[in-house]
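> Here are the chains, one letter per residue:
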Amino acid sequence: MSAPVVEISGLNKWFGQTHVLRGVDLTIAERERVVVLGPSGSGKSTLIRCINGLEPYEEGTLKVAGVDLAGPRAEAVAAKRKTGMVFQSFNLFPHLTVLENCTLAPIWVRKVPRRQAEAEAMAMLERVKITEHARKYPAQLSGGQQQRAAIARALAMHPEIMLFDEPTSALDPEMVGEVLEVMTELAQGGMTMVVVTHEMGFARQVADRIVFMDAGEIVESAPPTEFFTAPKSARTREFLSKIL
Amino acid sequence: MSAPARLRPRSSPFVWLRRNLFATPFDAVLTVSLTVLIAWGLWSALQWAVIDATWVGDSRAACEARDGACWAIVTARWRQVVAGFYPEGHLWRVAAAGVCLAMAVSPVVVRKGWSFALAPLGVVGAFAFLGGGGLLPRVPTEYWGGVFLNFLIGISGAVFALPLGILLALGRRSHLPVIKTLSVGFIEIVRGAPLITLLFMASVVLPLFTPTGVSLDKLTRALVVITLFESAYMAESIRGGLQAVPKGQSEAARALGLDPWRTTALIVLPQALRVAIPAIVNTFIGLFKDTTLVYVIALLDVTGVMRQALADYSWQGLEAEAYVFIALVFWITCFAISRWSARLERAGGRLKEAR
Ligand SMILES: Nc1ncnc2c1ncn2[C@@H]1O[C@H](COP(=O)(O)OP(=O)(O)OP(=O)(O)O)[C@@H](O)[C@H]1O
Ligand SMILES: [Mg+2]
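Just so you know, the sequences run in chain order A and B. In this text, residue positions in the first sequence follow our numbering: the first is 1, and each later residue adds one. In this text, residue positions in the second sequence follow our numbering: the first is 1, and each later residue adds one.
Derived from the structure by calculation, the hints contain no laboratory data. Built from N, CA and C at the ideal position, the CB exists for glycine as well. Possibly wrong hints are sitting among the right ones.
Partner residues aside, some chain A positions facing chain B, computed with beta carbon under 10 angstroms [what the hints assert, rightly or not]:
#1 K63
#2 G66
#3 R81
#4 T83
#5 F90
#6 N91
#7 F93
#8 S233
Calculated pairs, DMTMM-like style, for lysine to aspartate or glutamate (alpha carbon to alpha carbon, straight line, at most 20 angstroms) [claimed, not checked]:
#9 A/K129 to A/E55
#10 A/K111 to A/E100
#11 A/K111 to B/D259
#12 A/K136 to A/E166
#13 A/K80 to A/E7
#14 A/K80 to B/D259
#15 A/K111 to A/E160
#16 A/K82 to A/E132
#17 B/K289 to B/E319
#18 A/K232 to A/D214
#19 B/K112 to A/E75
#20 A/K82 to B/E251
#21 B/K112 to B/E345
#22 A/K129 to A/E185
#23 A/K232 to A/E217
#24 A/K82 to B/D259
#25 B/K247 to A/E55
#26 A/K80 to B/E251
#27 A/K242 to A/E166
#28 A/K232 to A/D25
#29 A/K242 to A/D214
#30 B/K247 to A/E166
Just chain A, with the same shape it has in the complex (with noise of 0.2 angstroms):
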C-alpha cells in the first residue's frame, strides 16, 4: 500500500453564510482513480478546488503529498504545484500559441530552460495527439483540441496528481470521446486521478472508486461496480434512477 496523494479529513468550506463543504473525509492513494459524481451545487467543484489550492477552506485539514495546505506558505505552494488542473472551460490562454501555452509553466515556475522546456511540451502533446497543432492558438482549435492542449498543458508541470472538472461538459458531443481517449490513456499510464463527469461509461470502465455528494457531504464512495449495481444510500439510488 502507497502512501496517499490526497488526505482530508473533516474539511469544511463555506461561501458567506452557504455551507458548501460539510465535514468532507477522503484518501486518495497513489495511481487510485476516483470519480466524483452528484447533483448539481453538491459541493464537486469546490472540492476539487480545494485540493488544488484554488479555494480556501475554513475548517479541517487537508494534505497533498503528506503537506499540509494550511501549513508553512514555502511547503504548501510546492505541495500545490504537485496538483494539475483541467477546467470544464478549458482556460487556455488565447494570447499564446498551443506550445507557448503548454512551456509557460515550465520555463517561469520550474524554471527549464527554454528548449528543453519546448522539447518536453511537444512530447506531451504527442501523448495528447495534437502535436500537429502547437503552433496554432486557441481560437484555431476545435473544443475537443483545445481541451487536450489544456490536458497537455497540465501534464507539462508533472503533476502527481491530475483534476479534471467536467472536462466534457463544454464540448460538442463529438469530441467527447477524444478527449475521453485521452483521459483513459492517462490513467492507464498510472496518472492519479480525481474526476467530476457526468460521463457514466467513463466512471463504470476507468474508475477505481466513485464517490457520490450530495449537499457538500461525501455520501457514499464504492467501486463502480458495487456503487452502480447496489447503491447503500437512498440519496444515491434517487441520483442514479434520474440519470440511468
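Since chain A is already given, all that's left is putting chain B with the ligands on it; use the hints.
Here is chain B with the ligands on its own, set in the frame of chain A:
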C-alpha cells in the same frame, strides 16, 4: 433531387445607389440636395484655402491682393512654428530629438517585447539633445516650442502615463486596502479637476511650497502634471481591459503554479491591454490635443507661437488662418494615430475570439 447551386446574383454600383440613396422620392431629394450642399461647401473651402490663397509674404499686406487665405502667417514664421525660439544654429539638435521621439514611438510598429525599452530611451535622448550640457551648449526650455513642443510633451507624456496607468489600474484592483485606497483616491481626484487648473496650480501654487532656491523648470512641471493627469485616464481605460479578462484565465495560471505577479504580467495584462487598445488610443489622442493647454503657463507650443503672431501688428486679424492651421496639424496627427490603432486592433483581434 436537391436544388442546384446557382451563382449569387451580382450587385452593381448602380443597384447599390438605387437601394441606398434613391429608394424613395424623399431619399432622392435628400441625396441630391445634400450632394449639392456638400459640393458647394467643399468648393468654397478649396477656393479659400488653396486656389485664392497667398502662400508667402512678410506681412498681411502681402495678402491684400487676393481673397483667399493668407498662409504667409505660417510660412513667414515657419521656424518658430516648428521649433519655437530654439537657436537657429542648433536646429539640427531639434532634428536629432525628432529621431529620438520616432524611436520612442517605434514599439507600436515593431511590437516586440524588447522594443518597449526604446520608448523611455527615446524620450531621454530627445531631452538630452534639446537641453544640452556637456559637449552641447545648454538651451533652456524657454526657447523650446512650436509643433515640436506638442510632440515632445505628447510623446513623453504617453510613454510615462501608460506604465503609470497600468500600475494605477492594478492598484485599484489590489487586495491591499492601502494601495487600493491610494489608487482610487488619486484617480478620482485627478479626473475630477480640469487639466487647465492643474497646470495653473503647478505653475503658480507649487512654487509656494518648494523651498526657495529650488525652482522646477516650467516645462518639467507641465510634463509632470500632464503625465499624472493622463495616467489617471489611462488607468480607467486599462481597468476596462482588465475586467474583460475572464476569471478562468488567472485561475488557470494559478493552477499551473504561477505566482500572482507572473499571472498578472504574463497572462492577464497582455490580454487586458489588447482589449483596451481602442480606449488607450482614445486617451493618447486626448493627451496629444491637451498639449495645447500649456500655453496658459506661457510655454510657446504651436498655439502659443500662432497667438504671438496674431498679437503682432503686421499679422493681426488672421485668426482663421492661424486656427485652421493648428486644427490641421492636430487633425492629421490624430487621424494617423487612429488609423494605426485600427491596424493594431485587427492584428490583436485574430487571436481573441474563443477562449
Ligand atoms: N464563488 C462562489 N461564491 C458563492 N457561492 C458559490 C461560489 N462557488 C460555488 N458556490 C456555491 O457553492 C455550492 C457548491 O458549488 P459547486 O460549484 O462546488 O457545485 P458543483 O457540485 O460543482 O455543481 P455543478 O455540477 O453545477 O458544477 C453551490 O451552492 C454554489 O452555488
Ligand atoms: Mg462544478
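> Taking the earlier hints as the rules, which of them does this structure contradict?
Hint check: 1, 2, 8, 9, 12, 16, 19 fail, others pass.
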